[in-house]
Amino acid sequence: MKKLIKLTASALALLFAVNAANAGGKLSIYHWFEYIPQELLDQFSAEHDVEVTMDTFDSNEAMLASLKAGKLGSYDVAVPGDYMVEIMAGEGMLDTFSKAELPNHSNIMDQWINVGFDMGRKSSIPYQWGSTSFSVNRDDYKGDINTLAMVFDPPAELQGKINVLDSQGELLALASMYLGIPQCTTDRDQLKALNDLVQKAKPHWASFGSDTAKDVLVSGDASVGMIWSGFSAKAREEGANIEYAFPKEGYVVWMDNVVLLKDAPNRENALKFMNFLLEPENAAAVTNYAAYTAGVKGTEPHLSDTVANSPESNPPASPVGEFVQACSQEVQEVYDTIWTNLKK
Amino acid sequence: MMSEKNLDLRYFTGFLPLTLLCLFLLYAPLIVVMVYSFNDSNSITRWDTVSLRWYYDVFYGLEAPKFKAAAINSISIAIMAATSATIIATLAATAMLRAGRFKGKSFSFALINLPLMVPEIVTAVATLIFFSAIGFTTGYLTILIAHIVFCIPFAYLPIAARMEGIEGVYEQVAQDLYATRLQAFRLILMPLMAPGILSGFLLAFIISLDDFIITNFVKGAGIETLPTAIFGAVKQGIKPNIMAISTLLLVVSVGFVALSYFVGQMGEKANPTTKPKGD
Amino acid sequence: MAASPQQNSRAMNNNYDGFGVPLILPSWIIIGFFLVVPVAMMLMYSFLTKEFRGGVIWEFSLAAYDQFFFDRGLFGDSPPVIEWTYISIFWRSIWQAGVATFFCLLIGFPTAWFIATRTGRNSTIWLFLITIPYWVNLLIRTISMKFLIRDNGPLNEFLISFGVISEPFHIINTNLAVQLGLFYSYLPFMVLPIYAAVERYNFALSEAAADLYASRTVTLTKVILPAVKPGIVAGCILVFVPSLGAFLAPDLLGGAKNFMIGSLIEEQFKGNAGNWPFGAAASMILLSLVLIVLTLYARHQARGQR
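Protein chains in written order, with the working numbering: chain W, 1 to 344; chain G, 1 to 279; chain X, 1 to 306.
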């Protein structure tokens with residue numbers, strides 16, 4: 001018994017040793033997985049003497065759910081996509097800052113300042129932007145891939161070898177584009193057609209996975225994979241003979257943003273971190289790692305050639321991508337039903 | 001006494017191969033992972049040469065601080081949860097087996113075993129709802145509380161089994177010799193109980209170290225345990241360093257079971273009240 | 001030292017008579033406050049109104065159960081018919097768990113029998129070998145299985161290189177993979193109770209049956225099986241119940257393609273859906289199912305003892 005108590009005491013001691021406070025305090029980040037290089041976090045940590053902890057999520061919806069389930073107030077910053085910034089603002093989850101608090105605010109590219117989801121950038125800063133489409137293994141399929149039919153009505157040789165992102169918003173947005181109907185449509189016939197489309201496509205899909213999206217392409221478990229542009233570039237770097245498609249029906253573009261969360265326990269450090277990410281050099285470091293495109297001025301000199309010239313990050317002039325829209329509650333409930341029907 | 005061989009129902013032809021098949025099925029995946037953890041290659045599909053590279057990566061690589069923090073959380077939570085659960089379970093076992101009748105006894109038996117009966121996912125959801133409803137921010141403490149709860153029955157089982165096997169006469173004799181109840185408990189019952197308590201503790205420790213589902217629901221910002229950290233990493237594909245961590249964890253678990261087994265064996269021999277096992 | 005005949009009554013002594021309640025109190029408090037209260041709260045939440053995108057509104061509503069049992073069409077205004085979506089998700093989980101249990105029994109029974117009929121030390125060693133894998137983290141075992149059975153994983157490579165098959169045997173992301181994962185996760189749970197029952201079985205009984213000219217089959221079905229049946233039933237429950245709420249095997253081995261009960265519930269709290277009352281209702285229904293199985297088992301046990 002005494003031994004047990006001793007063990008407990010030494011464990012507690014260890015615990016406190018780990019928590020030995022950094023003079024600059026802490027910073028708690030809620031971030032997409034496999035996106036920011038650890039070296040950059042270490043650099044911030046060293047420069048400001050701040051202890052950085054990061055949790056990761058694999059979809060905007062999962063992040064929102066987790067914050068709503070009681071984690072708001074324990075993170076300082078999060079990295080939601082465009083439409084999710086709007087939703088979070090509507091839920092009252094965001095704090096605002098003044099330009100004076102963020103000296104590097106002027107580094108934001110002009111086209112990313114007055115955005116619909118945060119006019120004038122009062123609670124978010126642009127981070128990286130990219131697109132969501134799909135990639136095809138060129139060893140398995142030689143034909144034209146620039147159509148969403150590759151995912152929703154695939155040729156026989158690709159059926160059963162498709163992975164789709166486990167992300168309701170992006171999948172249903174692509175499906176809407178394939179049907180040529182507007183996103184978040186309230187038209188019942190269109191919604192029914194949307195439901196029928198994904199129902200019919202499902203037997204051709206091998207798996208639903210966001211975090212596995214790169215791995216299944218690299219390992220060859222899937223021949224077609226719905227995927228984010230940069231993630232696809234990384235899969236290609238890792239040896240998969242894949243090509244990223246810009247389908248003629250359209251594709252999803254998105255911008256991830258760093259937001260200041262309400263009740264952030266370390267607001268000061270959160271602002272320091274956001275300012276840090278607005279440095280061109282640091283924004284470029286994220287770009288070089290994640291292979292997306294930064295929303296900050298002056299990153300070009302710091303970019304690696306492979307990333308700057310990657311086909312995934314340089315879409316053709318047409319077709320153009322579309323942002324995912326945040327649907328009204330009424331439509332969202334239909335979307336939820338479609339999603340559950342899909343996975344039953 | 002033995003009947004004719006062909007009538008002896010102890011022996012069925014084919015049962016030995018089936019047992020070997022059973023062992024093969026249980027061990028094959030683990031052995032494959034252990035072997036591949038020594039693969040030098042970056043890829044998990046290609047075999048390169050044998051090396052300890054990924055073990056080095058676990059301790060000194062880029063992700064090492066993350067896994068180290070997770071390991072410290074896991075171990076400290078497991079030690080504290082197992083200790084608390086062992087103490088609570090020892091008291092409960094004494095109540096159930098040494099305190100005669102009291103109000104709510106049969107109800108208590110069901111209550112202690114309740115964490116075993118409720119499916120893990122239900123416990124996870126209920127605990128999440130509970131903490132969220134009372135406005136308690138999830139974090140280290142919430143994981144610890146949840147772990148104590150489900151460790152109690154696991155600690156209770158071996159402790160109660162052991163206590164059942166110890167005759168009350170020893171404590172009665174001690175009390176006849178003017179020992180107080182507390183002295184009898186501390187000086188007679190506890191030493192006899194030691195192997196049971198230790199195996200209860202080890203069982204609870206492993207169960208806590210193992211838990212993923214409940215931890216995943218109640219963990220707070222920036223806190224990972226080994227299983228949640230491994231799950232997070234493995235969702236993006238099995239990497240060689242995960243195999244190295246898995247192998248390490250596997251060795252630790254097996255070491256603990258072996259330890260608890262030998263402690264149990266020693267206890268069997270040392271316990272004067274155990275009846276000899278006869279055929 | 002031989003056991004005294006009164007051992008049991010002596011072991012159940014009353015040395016701490018009167019201290020029962022204070023001694024049991026800590027377990028009451030901890031389990032009561034952190035498990036019973038939360039489950040009660042979950043029951044309450046299942047009758048509340050959902051808040052859009054997660055959380056609850058404190059208004060009574062039967063919407064969660066209505067959603068579970070009644071289909072009102074894509075838009076929620078068609079006349080209600082029975083909703084098969086969730087019933088089929090539950091049924092799938094029951095089916096997967098059932099198949100896993102069946103295969104556990106198929107392999108587990110002979111194994112348990114074999115081990116229980118070894119003598120002394122040998123039996124202990126066999127038993128130890130069976131239990132070791134159970135102590136390895138379930139997550140790690142599931143990952144190992146995933147690694148082993150992937151399309152170009154070691155199993156397929158092995159089979160192809162020995163010419164058994166020419167094309168990779170596709171298991172991953174199928175129902176079979178989930179069943180295999182569940183089977184693998186809980187196999188030791190089947191072996192242990194059956195082992196205990198067979199070990200306790202008095203083989204003189206089957207010898208007596210043989211002396212009375214009972215055939216092997218008759219002895220097996222009429223004498224042995226009834227005697228070891230409690231062990232079989234216990235094993236089946238120990239495999240079936242955790243399989244029912246399993247989360248890791250469907251998620252990692254099944255490709256997250258089809259919901260099982262565990263992933264359906266998880267989705268309501270951590271995923272896309274964000275419908276807390278519905279997640280709570282689904283949890284309550286799962287809990288009721290398990291409690292029904294356990295009650296039937298307890299009844300069965302009680303009848304067996306009488």
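These are calculated hints, taken from the structure and not from any lab test. Treat the hints loosely; a few may be bogus.
Unchecked claim - Short, incomplete list of chain X residues facing chain W, as computed with Cβ under 8 Å:
#, residue
1, Phe75
2, Thr85
3, Ala256
4, Lys257
5, Asn258
6, Phe269
To be verified - Below 27 Å or equal to it, Euclidean Cα-Cα: the simulated BS3-like pairs (lysine-lysine) are:
#, chain 1, residue 1, chain 2, residue 2
7, W, Lys200, W, Lys26
8, W, Lys99, W, Lys272
9, W, Lys68, G, Lys239
10, G, Lys66, W, Lys272
11, W, Lys26, G, Lys68
12, W, Lys68, W, Lys297
13, G, Lys105, W, Lys68
14, W, Lys26, W, Lys68
15, W, Lys26, G, Lys105
16, W, Lys99, W, Lys344
17, G, Lys66, G, Lys239
18, W, Lys122, W, Lys26
19, W, Lys202, W, Lys248
20, W, Lys262, W, Lys68
21, W, Lys202, G, Lys235
22, G, Lys68, G, Lys239
23, W, Lys344, W, Lys122
24, W, Lys272, W, Lys122
25, G, Lys103, G, Lys239
26, W, Lys297, W, Lys122
27, W, Lys344, G, Lys235
Claimed, not checked - Covered by chain W, according to a simulated footprint, are these stretches of chain G (three or more residues, beta-carbon under 8 Å):
#, segment
28, 121-133
29, 136-144
30, 216-222
Just so it is clear, the structure is predicted and the values come from calculations on it, not from any experiment. Beta carbons are placed, not taken as given, at the ideal position from N, Cα and C, and that holds for glycine.
Hint by hint, here is what the structure shows:
The beta carbon of phenylalanine 75(X) comes within 6 Å of a beta carbon in chain W, closer than 8 Å, and the hint placing it at the interface holds. For the restraint placing threonine 85(X) at the interface with chain W, the shortest Cβ-Cβ distance is roughly 5 Å, inside the 8 Å limit, so the hint holds. Satisfaction of the interface hint for alanine 256(X) is found here, the shortest Cβ-Cβ separation to chain W being roughly 5 Å, below the 8 Å cut-off. Hint status for lysine 257(X) relative to chain W: holds, with the closest Cβ pair at about 6 Å, below 8 Å.
Annotation: asparagine 258(X) was flagged as interfacial toward chain W, and the flag holds, the nearest CB pair being 6 Å apart, inside 8 Å. The restraint placing phenylalanine 269(X) at the interface with chain W holds, with a minimum CB-CB distance near 6 Å, inside the 8 Å limit. Restraint check for lysine 200(W) and lysine 26(W): not satisfied, since their Cα atoms lie roughly 49 Å apart, outside the 27 Å limit. The straight-line distance between the Cα atoms of lysine 99(W) and lysine 272(W) is roughly 13 Å, inside the 27 Å bound, and the hint therefore holds.
About 32 Å separates the Cα atoms of lysine 68(W) and lysine 239(G), which puts this hinted pair outside 27 Å; it is violated. Of the supplied pair hints, the one linking lysine 66(G) and lysine 272(W) holds, its CA atoms being roughly 23 Å apart against a limit of 27 Å. Between lysine 26(W) and lysine 68(G) the CA atoms are separated by roughly 18 Å; this keeps the pair inside 27 Å, and the hint holds. With a C-alpha separation of about 34 Å, the suggested pair lysine 68(W) and lysine 297(W) falls outside the 27 Å cut-off, and the hint is violated.
Taking the CA atoms of lysine 105(G) and lysine 68(W), the gap is near 40 Å; set against the 27 Å cutoff, the hint is violated. Note on lysine 26(W) and lysine 68(W): the hinted pairing holds, with a Cα-Cα distance of about 22 Å set against a maximum of 27 Å. The hinted pair formed by lysine 26(W) and lysine 105(G) fails the criterion: a straight-line CA distance of about 49 Å is larger than 27 Å. Distance check on the hinted pair: lysine 99(W) and lysine 344(W) sit about 48 Å apart at the alpha-carbon level, beyond 27 Å; violated.
For the hint pairing lysine 66(G) with lysine 239(G), the CA-to-CA distance comes to about 16 Å; that is within 27 Å, so the pair holds. A C-alpha spacing of about 23 Å is found between lysine 122(W) and lysine 26(W), which places the hinted pair at or below 27 Å, so the restraint holds. Taken as a hint, the lysine 202(W) and lysine 248(W) pair is honoured in the structure, with Cα atoms around 22 Å apart against an allowance of 27 Å. Restraint check for lysine 262(W) and lysine 68(W): the C-alpha separation of about 12 Å stays at or below 27 Å, so the hint holds.
Restraint check for lysine 202(W) and lysine 235(G): satisfied, since their Cα atoms lie roughly 22 Å apart, inside the 27 Å limit. For the proposed pair lysine 68(G) and lysine 239(G), the alpha carbon gap of about 17 Å is at most 27 Å, so the pair holds. Taking the CA atoms of lysine 344(W) and lysine 122(W), the gap is about 41 Å. The hint is violated against a cut of 27 Å. Of the pairs offered as hints, the one joining lysine 272(W) and lysine 122(W) holds, with about 15 Å between alpha carbons and a cut-off of 27 Å not exceeded.
About 55 Å separates the Cα atoms of lysine 103(G) and lysine 239(G), which puts this hinted pair outside 27 Å; it is violated. Using a Cα cut-off of 27 Å, the hinted pair lysine 297(W) and lysine 122(W) holds, with the two alpha carbons roughly 18 Å apart. This hinted pair checks out: lysine 344(W) and lysine 235(G) have alpha carbons roughly 22 Å apart, not beyond 27 Å. Restraint check on the segment 121-133 of chain G versus chain W: 3 residues with Cβ-Cβ distances below 8 Å, three needed, restraint holds.
Given as covered by chain W, the segment 136-144 of chain G passes the check, having 4 residues with a CB less than 8 Å from a CB of that chain where 3 are the minimum. Taking a C-beta to C-beta cut-off of 8 Å, the segment 216-222 of chain G contributes 3 residues in contact with chain W, enough for the three needed, and the coverage statement holds.
Violated hints for the displayed structure, listed by number in ascending order: 7, 9, 12, 13, 15, 16, 23 and 25.
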